[in-house]
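These protein sequence lines map, in sequence, to chains A and B.
Letter by letter, the first sequence follows residues 14 to 192 of the working numbering.
Letter by letter, the second sequence follows residues 410 to 669 of the working numbering.
Hints in this document: simulated from the structure, not taken from any laboratory.
This one's a predicted model, so the numbers in the text were calculated from it and none came from an experiment.
Possibly wrong hints are sitting among the right ones.
As a list, the in silico DSSO-like pairs of lysine-lysine whose alpha-carbon atoms are at most 27 angstroms apart [unchecked claim]:
1. 188(A) / 177(A)
2. 135(A) / 446(B)
3. 637(B) / 619(B)
4. 110(A) / 67(A)
5. 506(B) / 135(A)
If the Cβ cut is set under 10 angstroms, some of the chain B residues that face chain A in the computed set are [as the list claims (entries may be wrong)]:
6. 450
7. 453
8. 507
9. 511
10. 513
11. 516
12. 517
13. 521
14. 555
15. 562
16. 603
17. 639
18. 641
Backbone N, C-alpha and C define an ideal beta-carbon position, used for all residues, glycine too.
Listed below, chain by chain, are the residues.
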Amino acid sequence: MDQLTTSLAPSRPSPKSPVAGTSQQAAGSTSNRLGNELMTLMMSSSPGISAFPKHDGNLFEWVGTIEGPAETVYAGLSYRISIAFPPNYPYVAPTIKFESLCYHPNVDPANGAICLDILQDKWSAVYSVQTILLSLQSLLGEPNIASPLNADAAGLWNTPEEYKEQLMQHYRPLKDDSP
Amino acid sequence: MLNSINDTTSQRALMASELTPLSVLREDFDRESVFQKQLDFLQKNGFSSVRRVRGDGDCFYRSFAFSFLEQLIDEPDREFAVMRRLSLLDGFEPSLKSAGFDKDTYQDFKEEFEECIKAFAQPDHTGRVMNLQSLVQVFQDEMKSHAIVFYLRLITSMKIYEDQENMAPFLMNPETFDPMSPTSFRRRQIEVMGVEADEPQIIALTNAMKVNVEVAYVDGHTTSDIVKFVRIHNAQDENSRSIMLLYRPGHYDVLNRGKP
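If we strip away everything but chain B, and leave its shape as in the complex, we get (with noise of 0.2 angstroms):
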């Protein structure tokens, strides 16, 4: 099961250009199984399409990454959203000291997600604002693309070192189960790219972001066919659309609504 999502996420590119509807993504699943009833079930309550992420560990991240940004696109006043959003980005200067990283360290990959966020109100050379198009040209770009992903790494290790009372008792290695030290959790499982991130992760970036977060998870697991949805709610503003994500054993994608 994982393999086979391995194996035809690994090759792709790091975002996918186009849609896929979820009809074709159950082609992907043994007939009946509970993943294609899972996949079936999302369907029947509105859900459309995915937009695929590379298998390569860092799909949650990019996955928010883009879905965080794709948002700004439906703004009404971009603008505003704009800045809201670059000042979230200035209010972690302090908390990123306290955790320990040099601006030095962090800026780059910082004014890479600043540059991308503000290219939604201010035009490009050719007079042009993002879109949805060249948002996905941005993940495509290696080199931008994990520019965002560290940063937002960044900001999850900050956020688990600022709650790390809370935090320690869920912190485990993924494969032994063993406990780790808030340090040691930061260093190998969040500040390293390609580690996958686990529930204390989401839960950190989410809360760092104020975003609100919305997983199916399509795991095959259920024997009722119906899609759990782990909802985390952190929006100060009730009317906050949340980001969804899809996932699979092992892999994240982003989840849309509406006309494939």
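Next up, chain A with everything else stripped away, as it sits in the complex (with noise of 0.2 angstroms):
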């Protein structure tokens, strides 16, 4: 095992057979974890928010769906994103990611990442998946125009009128298919 040298030493890689263990433990007991939170998720009837695993028989991969608040610019339409848990959730956050065109101050109009502090360093354990969805629901309508991924729409937000153009000559409606 680790044998404790001094700092002259060169540092190395933790021993690989406790890793193997530990990797699969980590699998199994975060695979725990989401199935309560789908569980969590279904029982709960959050207006506008929903997510569930893309596949069966794998937990670490889900697709959801958020519908803009009511009296919101973003009210009645409605966005995919992808949400991939790493293999040590709820201790690193999921990475999140806008799977439709999501015309936004804070969505990278490139490939949808998001800027939320929460998904970022400010991600702690106590927050759910559910907690999430709310946060970008909200996040949709009440963006951070300080620190924004798409600055067309952040140069826009406060000329509603030539927000709300802009914003549904990107917007693409989804299809019916799940979920």
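Hints in hand, dock the two standalone chains.
Structure representation (structure tokens):
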């Protein structure tokens, strides 16, 4: 095992055998947690948000849908997102992207990446898929203009009529397939 | 200085299998430096070694948790000691709720900690109870180790919430020293893995867990080569042993007396 060398020795990767065992157990307890989160999400009736595993038998890749909050410029619009969980979730945040084209100051128009603090350095294991979806839903109506990934959208935010026009030009309604 | 510590610890296992004698640890520092003299002072005063913990920002919580559990090994009445610790955790339930944590959000983490405590009294499927070696293995298992650390983070956050009137003046951003509200301090400085603990977190956690903690500050700052010990006393029992930690700038490890 780790022989505890001084700083003069080069750092080495951890020994192989316990690591292999660990990652399997890790996947096991993460699966349990994801199963529980799925149940919670299905039992709760949070309007306008939903998410499910993409394929049967793989709890680590989900797709979700977010409806724009009422009384915002996004009201009535729906967006698809993808959620990929790392093997050490919930200690590390999942990776979330918009799969639908989403015209928004904090969404990268090139790849759907999202700038939201709780998905980066402010991530905490107290959060869940549900809290993420709710945060994303409110982000739609309340963008953070100070750190835009889409500068055009950020620039138009204070002129709602022009913003709405651009928003609708970029919007592609979801087809009726799952979820 | 900070970098050299981080470089040597960030790639390690979460918890070292073997103890590092202070005589080996001193090789990390410049000859004749205050650090070396401080480590020599510790050796002269009966301390022999540290159990190294990875320098990933969770080292205070991980060292604390390990030492808290390691003490169970020497308990003359293990059953009783285990029961006492389990009831301590159950006693947190109302406070966790008041602090805004749903049982759903922390149950997994709590269970992992409870399982670990119970294993000191209840034999596993092979008929063995927890010993030092199996405890180290638990702490080397990323998911178990992180679950225990995160549970202690939630207890810390809960305690800051409970004592926020007294704590508020001491809560600040560690980089800018700007004051932080209890709510944002809890969210940003406690409930996020990898964010280091400062004094408010240490006081809150040891207070909640009702244990005595002594931190030996090998910080290179003193001019007299002695090591300053910061003692936080919370245990009601006079004979309660302290959790001993060694602090070097930016890092905590478990400090041990006796033979390495």
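To see whether the hints hold, each was checked on the structure:
The straight-line distance between the Cα atoms of residue 188(A) and residue 177(A) is roughly 22 angstroms, inside the 27 angstroms bound, and the hint therefore holds. Under the criterion of a C-alpha separation no larger than 27 angstroms, the hint pairing residue 135(A) with residue 446(B) is inconsistent with the structure, at around 39 angstroms. Straight-line distance between C-alpha atoms of residue 637(B) and residue 619(B) comes to about 22 angstroms, which keeps the hinted pair within the 27 angstroms bound. Simply put, residue 110(A) and residue 67(A) have alpha-carbon atoms about 14 angstroms apart, close enough for the 27 angstroms limit, and the pair holds.
Distance restraint check for residue 506(B) and residue 135(A): the Cα-Cα separation of roughly 22 angstroms lies within the 27 angstroms cut-off, and the hinted pair is therefore satisfied. Proximity of residue 450(B) to chain A is violated relative to the hint, the smallest CB-CB distance being about 20 angstroms (cut-off 10 angstroms). Because the closest C-beta pair between residue 453(B) and chain A is about 21 angstroms apart, greater than 10 angstroms, the hint is violated. Interface restraint check for residue 507(B): the shortest CB-CB distance to chain A comes to about 15 angstroms, outside 10 angstroms, so the restraint is violated.
Evaluation of the residue 511(B) hint against chain A yields a held restraint, the C-beta minimum of about 9 angstroms falling below 10 angstroms. Interface hint at residue 513(B): satisfied, since its Cβ lies 7 angstroms from the closest Cβ of chain A, which is below the 10 angstroms cut-off. Given hint, residue 516(B) at the interface with chain A, holds; its Cβ is 9 angstroms from that chain's nearest Cβ, closer than 10 angstroms. The interface hint given for residue 517(B) is met, as the beta carbon of that residue sits about 6 angstroms from the closest beta carbon of chain A, less than 10 angstroms.
Against a cut-off of 10 angstroms between C-beta atoms, the interface hint on residue 521(B) holds, since the closest Cβ of chain A lies about 8 angstroms away. Given the 10 angstroms rule on beta carbons, the hint for residue 555(B) holds: about 5 angstroms separates it from the nearest Cβ of chain A. Annotation: residue 562(B) was flagged as interfacial toward chain A, and the flag holds, the nearest CB pair being 8 angstroms apart, inside 10 angstroms. Against a cut-off of 10 angstroms between C-beta atoms, the interface hint on residue 603(B) holds, since the closest Cβ of chain A lies about 9 angstroms away.
For residue 639(B), the suggested interface contact is broken, since its CB lies about 26 angstroms from the closest CB of chain A, more than 10 angstroms. Checking residue 641(B) against chain A: minimum C-beta separation of about 26 angstroms lies over 10 angstroms; hint violated.
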